[in-house]
Amino acid sequence: QQQVKQSPQSLIVQKGGISIINCAYENTAFDYFPWYQQFPGKGPALLIAIRPDVSEKKEGRFTISFNKSAKQFSLHIMDSQPGDSATYFCAASTRGSTLGRLYFGRGTQLTVWP
Amino acid sequence: DTGVSQDPRHKITKRGQNVTFRCDPISEHNRLYWYRQTLGQGPEFLTYFQNEAQLEKSRLLSDRFSAERPKGSFSTLEIQRTEQGDSAMYLCASSPGTGGGYTFGSGTRLTVV
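Chains R and F supply the protein sequences, listed in that same order. Numbering-wise (this note's numbering), the first sequence opens with residue 1 and increments by one. Numbering-wise (this note's numbering), the second sequence opens with residue 1001 and increments by one.
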């Protein structure tokens, strides 16, 4: 079954707007939640990540909000730009373990209109 | 070091043929991962190495799949007797230690005809 559920599947935002992508998980052992950005023909690239002891992390225009009790986390892209048009994946892992495998959501295709 | 390198970038093969992909991780990274990504889906874990030891294999990795990392540096993923369902992007990633912070390569796109 899908360990990390991501929505929406696609998102269209006007330039300058806020893009919001949501993810939910069930496994309470997850303790590391990264977001990846993927452009066509490229591998995913780490964008920003958060651990559950923090409720929010901001890096530039990208913010992760984390709700541990609800087992949900979201990516906010402020002042969205056409160059942000890509597929975004949330993921989760048990970082404290020696394994480190990531469980990915199904992705959100973001289109930012100029 | 320019990142994770994968070769070839594209591979078209006939059903039933064997294929082998290569991954060169970032040199100081001791962890290496293989993932498979199909269109419209997130990457799915296949297998993972720490140095030369293969520590975990997904159920997705059938007996037609084998991965090696003989000297703890580059890795190869071989698929024997390819099937059309094997058509996907095969991604390699490496990381320096526990948990995430992966760096992915650009992948090898396999098409089985």
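The hints are simulated quantities; they were obtained by calculation from the structure and are not laboratory data. Computed from a predicted structure; not experimentally measured. The C-beta atom is built at its ideal place from N, Cα and C for all residues, glycine as well. Incorrect hints may have been included.
[Unchecked claim] The calculated lysine to aspartate or glutamate pairs, modelled on EDC-like cross-linking and capped at a C-alpha distance of 16 Å, are:
hint, chain 1, residue 1, chain 2, residue 2
1, R, Lys68, R, Glu56
2, R, Lys42, F, Glu1083
3, F, Lys1011, F, Glu1083
4, R, Lys5, F, Asp1063
5, R, Lys57, R, Glu26
6, F, Lys1014, F, Glu1028
[What the hints assert, rightly or not] Residues from chain R that keep clear of chain F, each with C-beta distances beyond 10 Å, as calculated:
hint, residue
7, Gln1
8, Gln6
9, Gln14
10, Phe62
11, Gln72
12, Ser85
13, Ala91
14, Arg101
[Unchecked claim] A short list of chain R residues far from chain F (calculated; beta carbon distances all over 12 Å):
hint, residue
15, Val4
16, Gly16
17, Gly17
18, Asn22
19, Asn27
20, Tyr32
21, Leu46
22, Lys58
23, Lys71
24, His76
25, Ser93
26, Val112
Status of the hints after comparison with the structure:
A C-alpha spacing of about 11 Å is found between Lys68(R) and Glu56(R), which places the hinted pair at or below 16 Å, so the restraint holds. Proposed proximity of Lys42(R) and Glu1083(F) is contradicted: the alpha carbons are some 24 Å apart, above 16 Å. Among the hinted pairs, Lys1011(F) with Glu1083(F) is consistent with the structure: their alpha-carbon atoms are about 14 Å apart, no more than 16 Å. Our distance criterion of 16 Å between C-alpha atoms is broken by Lys5(R) and Asp1063(F), whose separation comes to about 29 Å.
For the hint pairing Lys57(R) with Glu26(R), the CA-to-CA distance comes to about 21 Å; that exceeds 16 Å, so the pair is violated. Distance check on the hinted pair: Lys1014(F) and Glu1028(F) sit about 36 Å apart at the alpha-carbon level, beyond 16 Å; violated. Even its closest Cβ contact with chain F, about 13 Å, leaves Gln1(R) beyond 10 Å, as expected for a residue assigned away from the interface. The Cβ of Gln6(R) sits about 8 Å from the closest Cβ of chain F, inside the 10 Å cut-off, so the non-interface label is violated.
Chain F leaves Gln14(R) outside its interface by the beta-carbon criterion, the shortest separation being 24 Å against a cut-off of 10 Å. At the 10 Å boundary, the C-beta of Phe62(R) stays outside the reach of chain F, the nearest C-beta of that chain being 16 Å off. With a least beta-carbon separation of about 17 Å from chain F, Gln72(R) lies farther than 10 Å from that chain, consistent with its non-interface assignment. With a least beta-carbon separation of about 16 Å from chain F, Ser85(R) lies farther than 10 Å from that chain, consistent with its non-interface assignment.
At roughly 7 Å, the least C-beta separation between Ala91(R) and chain F is not larger than 10 Å, which violates its mark as non-interface. Remark: the non-interface label on Arg101(R) conflicts with the geometry, its nearest Cβ contact in chain F lying 5 Å away (cut-off 10 Å). Interface exclusion of Val4(R) from chain F breaks down, the closest Cβ pair being 8 Å apart, not more than 12 Å. Even its closest Cβ contact with chain F, about 28 Å, leaves Gly16(R) beyond 12 Å, as expected for a residue assigned away from the interface.
Chain F leaves Gly17(R) outside its interface by the beta-carbon criterion, the shortest separation being 24 Å against a cut-off of 12 Å. Distance check for Asn22(R) against chain F: the nearest CB is about 15 Å away, which clears 12 Å, and the non-interface claim stands. Residue placement check: Asn27(R) keeps its beta carbon more than 12 Å from all beta carbons of chain F (closest about 14 Å). Some Cβ of chain F comes within 12 Å of the Cβ of Tyr32(R); the nearest lies about 5 Å off, and the non-interface call is violated.
Chain F draws Leu46(R) into its interface by the beta-carbon criterion, the shortest separation being 7 Å against a cut-off of 12 Å. Chain F leaves Lys58(R) outside its interface by the beta-carbon criterion, the shortest separation being 18 Å against a cut-off of 12 Å. A cut-off of 12 Å between C-beta atoms confirms that Lys71(R) is not in contact with chain F; the least separation is 18 Å. Consistency note on His76(R): stated as away from chain F, and its beta-carbon is indeed over 12 Å from all of that chain's, at 20 Å minimum.
Against chain F, the non-interface label of Ser93(R) is violated: not every CB pair exceeds 12 Å, the least being about 5 Å. With a least beta-carbon separation of about 20 Å from chain F, Val112(R) lies farther than 12 Å from that chain, consistent with its non-interface assignment.
Checked against the numbered hints given earlier, this structure breaks hints 2, 4, 5, 6, 8, 13, 14, 15, 20, 21 and 25; the rest are met.
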